[in-house]
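Trainee: In case you want the letters, here they are:
There are 2 protein chains.
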Amino acid sequence: MAEISLHRPLPAADVPQWDFDTDVAIVGLGATGACAAIEAAAAGARVMLFERNSGSGGASALSGGEIYVGGNGGTDAQRSAGFNDSTEDFATYLKMAGGPCVDKEKCDAYAQGALAHYNWLKAQGIPYRGNYLPGKHIEPVDDSTLIWSGSEAAAPFCDAAAPAPRGHVIAHVGWGGGRPLVDILEARARDLGADIHCDARAVALIEEDGEIVGLVVRIDNLNRYVRARKGVVLGTGGFAMNEAMRAKYCPETLRLNSPIGDKDDGVGIMLGLGAGGEAIHMEQFFSTCPWTMPEEQAYGVFVNSKGQRFINEDCYHGRVSRAALDQPGDRVYLLLDIAHFSQPLELAGITIAGTGETWEEVEAELEMPAGTLGATMAFYNAHAREGRDPLFDKRAPILTPLDQAPFVALELNFTTSYFSFFTLGGLKTSARGEVLGRDGVPVPGLFAAGRCTSGLPAWGHGYSSGLSLADCTFFGRRAGLSAAMRG
Amino acid sequence: MAEISLHRPLPAADVPQWDFDTDVAIVGLGATGACAAIEAAAAGARVMLFERNSGSGGASALSGGEIYVGGNGGTDAQRSAGFNDSTEDFATYLKMAGGPCVDKEKCDAYAQGALAHYNWLKAQGIPYRGNYLPGKHIEPVDDSTLIWSGSEAAAPFCDAAAPAPRGHVIAHVGWGGGRPLVDILEARARDLGADIHCDARAVALIEEDGEIVGLVVRIDNLNRYVRARKGVVLGTGGFAMNEAMRAKYCPETLRLNSPIGDKDDGVGIMLGLGAGGEAIHMEQFFSTCPWTMPEEQAYGVFVNSKGQRFINEDCYHGRVSRAALDQPGDRVYLLLDIAHFSQPLELAGITIAGTGETWEEVEAELEMPAGTLGATMAFYNAHAREGRDPLFDKRAPILTPLDQAPFVALELNFTTSYFSFFTLGGLKTSARGEVLGRDGVPVPGLFAAGRCTSGLPAWGHGYSSGLSLADCTFFGRRAGLSAAMRG
Chain A
3 MAEISLHRPL PAADVPQWDF DTDVAIVGLG ATGACAAIEA AAAGARVMLF ERNSGSGGAS
63 ALSGGEIYVG GNGGTDAQRS AGFNDSTEDF ATYLKMAGGP CVDKEKCDAY AQGALAHYNW
123 LKAQGIPYRG NYLPGKHIEP VDDSTLIWSG SEAAAPFCDA AAPAPRGHVI AHVGWGGGRP
183 LVDILEARAR DLGADIHCDA RAVALIEEDG EIVGLVVRID NLNRYVRARK GVVLGTGGFA
243 MNEAMRAKYC PETLRLNSPI GDKDDGVGIM LGLGAGGEAI HMEQFFSTCP WTMPEEQAYG
303 VFVNSKGQRF INEDCYHGRV SRAALDQPGD RVYLLLDIAH FSQPLELAGI TIAGTGETWE
363 EVEAELEMPA GTLGATMAFY NAHAREGRDP LFDKRAPILT PLDQAPFVAL ELNFTTSYFS
423 FFTLGGLKTS ARGEVLGRDG VPVPGLFAAG RCTSGLPAWG HGYSSGLSLA DCTFFGRRAG
483 LSAAMRG
Chain B
3 MAEISLHRPL PAADVPQWDF DTDVAIVGLG ATGACAAIEA AAAGARVMLF ERNSGSGGAS
63 ALSGGEIYVG GNGGTDAQRS AGFNDSTEDF ATYLKMAGGP CVDKEKCDAY AQGALAHYNW
123 LKAQGIPYRG NYLPGKHIEP VDDSTLIWSG SEAAAPFCDA AAPAPRGHVI AHVGWGGGRP
183 LVDILEARAR DLGADIHCDA RAVALIEEDG EIVGLVVRID NLNRYVRARK GVVLGTGGFA
243 MNEAMRAKYC PETLRLNSPI GDKDDGVGIM LGLGAGGEAI HMEQFFSTCP WTMPEEQAYG
303 VFVNSKGQRF INEDCYHGRV SRAALDQPGD RVYLLLDIAH FSQPLELAGI TIAGTGETWE
363 EVEAELEMPA GTLGATMAFY NAHAREGRDP LFDKRAPILT PLDQAPFVAL ELNFTTSYFS
423 FFTLGGLKTS ARGEVLGRDG VPVPGLFAAG RCTSGLPAWG HGYSSGLSLA DCTFFGRRAG
483 LSAAMRG
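Same order as they appear, the protein sequences are chains A and B.
Numbering-wise, the first sequence is residues 3 to 489 according to the numbering used here.
Numbering-wise, the second sequence is residues 3 to 489 according to the numbering used here.
Looking at chain A on its own, in the form it has when it is part of the complex:
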């Protein structure tokens, strides 16, 4: 009998017995798996779902439960806040956010379908209060629905697409709305008859005549063989928690110490590759250090270790953080005046590196040569007073002079500060959720969505909060439906 391996499917001829028989087998019970299960079951398929942990959640449950939604004239929350978000603007933003890694077909599909998807989420029971919370927020701390969660209002995005807030957050007081989001979706999947098995870890796919026809799962220390007559859906997340995979595929993350993930060890990517799929943009990752909290700090200016600015700081905090990681050296500085300073979050590991009555004193405390940071801030302040940022096109109200002494430089250190991250690369899939082979042809019987694929959030520098859950839920549904409709 062939070996059980993540790296190559087991031939069906080597299956000793079929322990389970279903139409659609789903791996992983985060938002992706739950949405795939709901759609497959609603389409009439028998659905079994296997989760390696003792309960649902995955990385989705660690999130804020925020989903990036817009287009089609806007959601109820957008419209009542005065934003008539067009599909074209929404698609344009999504494509810019994908940068060089963009999958335009997925962007168009989502831009067209996002409003209906939002209504579907509500129909599953996800509650939204419906109100708009202006300002810069990582997540609402109350139960507000709609926030600015990306770089929509910042250059260069705002020059190409009319900006609108698009982060839609489940009604939930405090951070961590991802947990109830998954709970609601799981309950819905169960109501529709999905047969959920926890403590069941996928260890191999099963193939027959070039088609994926099942799955081997490890339950109670035994291999159990799952026949999946219509297909297998992978919803297993990225590989932030797998250091060997990070070293091989995404080595820039090795200097960061705060992966966001549950058991995200890339198992779905490995299974998909072994079945003839391919992985793309594996070097891409999201990262952020929570520098916009407290909120005053969002008005700060970033410089690198040479005292140079490098981005318009009014864009998404994760875009700023990701650009910070491209700078020479091992740290960047967030410059604030007394009007915009509060103690940083303890969690953030952001320290005070220098202070002074003038920017030149701060420069000297940081041991930067005279004429660097001081000159940068003189130039910035002179133009900010005129309401302009000729270098990076930062805009009001975030653009404001920092000229009330004393001054401070906070240090965001790539190794010791809290630079959270997760991976964005993964299996190449069609907009229908099919895993594509290297020849561009779907691997028959194999589907995937979420962070085990390269999807809407394809490019670290273009990430916006809610893009990943949008991708998980929208393409998770499609993957489940594509499997259920097969053959």
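If you are wondering where the hints come from, they were derived from the structure by calculation, not from laboratory data.
Treat the hints with care, since some could be wrong.
Same chains, same label: a pair holds when it works inside one copy or across any pair of copies.
[To be verified] Dumping the calculated EDC-like pairs for lysine to aspartate or glutamate here, alpha-carbon to alpha-carbon at most 20 Å:
#1 124 with 363
#2 106 with 348
#3 124 with 193
#4 97 with 254
#5 124 with 222
Given chain A, work out where chain B should sit, using these hints.
Mentor: Relative to chain A, chain B alone:
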């Protein structure tokens, strides 16, 4: 019968007849294939080599014929020029040059074996004049042997490893020493009995019981079946000429218009992936715009579109060019004073974007805000006069004030200037030249080297001239030998 495909090996059971029978079949007759053929034949194996073009060459023949060699106290050319290059310094440099993508095992193997490899190349008939040509050269225009071909003498490399020139160029008057290099290696392979077939394009591998046992080649519009009893060696180059692969795997190159390559369409990478291999660091690429010619221009200062410097310009021209491509916008500027200006190479597509009697006038001509470029140059010149570059640690003699009016800004435009490039990502191989599967285990019977693999030149920002031919020739030999010694 199964389909003939790059993406999956043909089962041996479907082979209608074996048209050729050999021990080692090699795909591609560039430096990699020739070296693999020489070693395999010298080890007593029957060798057949298949080249899709009508003659030898590949991208190797388009190169300068420069090989990066050092360590072990230095080559004859190094020692007679006063450089006693230690293996440790050489290995340290190679590892820094690999950046986050480094394969330390390959670096150590090459650092230890490079001197013997150089002597082997001479024994194959490659002529070296043996002299040292100081200064900054892309390639010697005479027949000199030894040049500085990387960032050895520049920060941060020179702080970690004692610098030495390591670019060893075949004796050949003028550029283009790659052509005679391949010719000599090809002749040597023929002398040893390698059976070379041109106009023979590889279209599939053949497998039996999980081993690669042959190759399908297209000759005279017919499929011909090659039995390779010991193994197949891929030496097919990168994918610079395959726009679809670039879009999928290395999309940052899409804005560049000058690929360096012959038929480099990634066929070997596809064959290897289909056989269970894996591709790594596919987003990495080498790029350069020939800005150090004429030589005076090497003394210039680079600024991005914000008027900021971004690198110590005394490092390798390709490292500067690659960092330029990371800057915001679509161009960078090379600043020169009259003492260091000559007309740029016409080939380079470098234009004059601004001139002035002061740097402030140049700044205004480039429509940069007052206090940007002018301040950058005032700061640079003040420190250069003291022999220091406190920002990027550029060093004398390249560090020199640019203060003799008139001044000029040359534009290096990412789209319209000649930013040549080739890809660096490829199959993951062992230091013995075996193609590794995703589980880290060699794919039995499959070997590869050169730019269809990720090797010594793994990271675009660390490239040094001669690293790729070093990789092709050294690991090409190992791949051929590993195949010949098998089973």
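Trainee: At most 20 Å between CA atoms: does that hold for residue 124 and residue 363 within a copy, between copies, both, or neither?
Mentor: Result: close neither inside a copy nor across copies, 54 Å intra and 60 Å inter.
Trainee: Treating 20 Å as the Cα threshold, decide for residue 124 and residue 222: within, between, both or neither.
Mentor: Intra 37 Å, inter 63 Å, cutoff 20 Å: neither.
Trainee: Under a CA distance limit of 20 Å, which applies to residue 97 and residue 254: within one copy, between copies, both, or neither?
Mentor: between (24 Å within a copy, 15 Å between copies)
Trainee: Treating 20 Å as the Cα threshold, decide for residue 106 and residue 348: within, between, both or neither.
Mentor: Neither: 40 Å inside a copy, 37 Å across copies.
Trainee: Check residue 124 against residue 193 for me: Cα-Cα at most 20 Å, and say if that holds within a copy, between copies, both or neither.
Mentor: Within one copy, since 16 Å is at most 20 Å while 75 Å is not.
Against the hints set out earlier in the document, violations occur for numbers 1, 2, 5.
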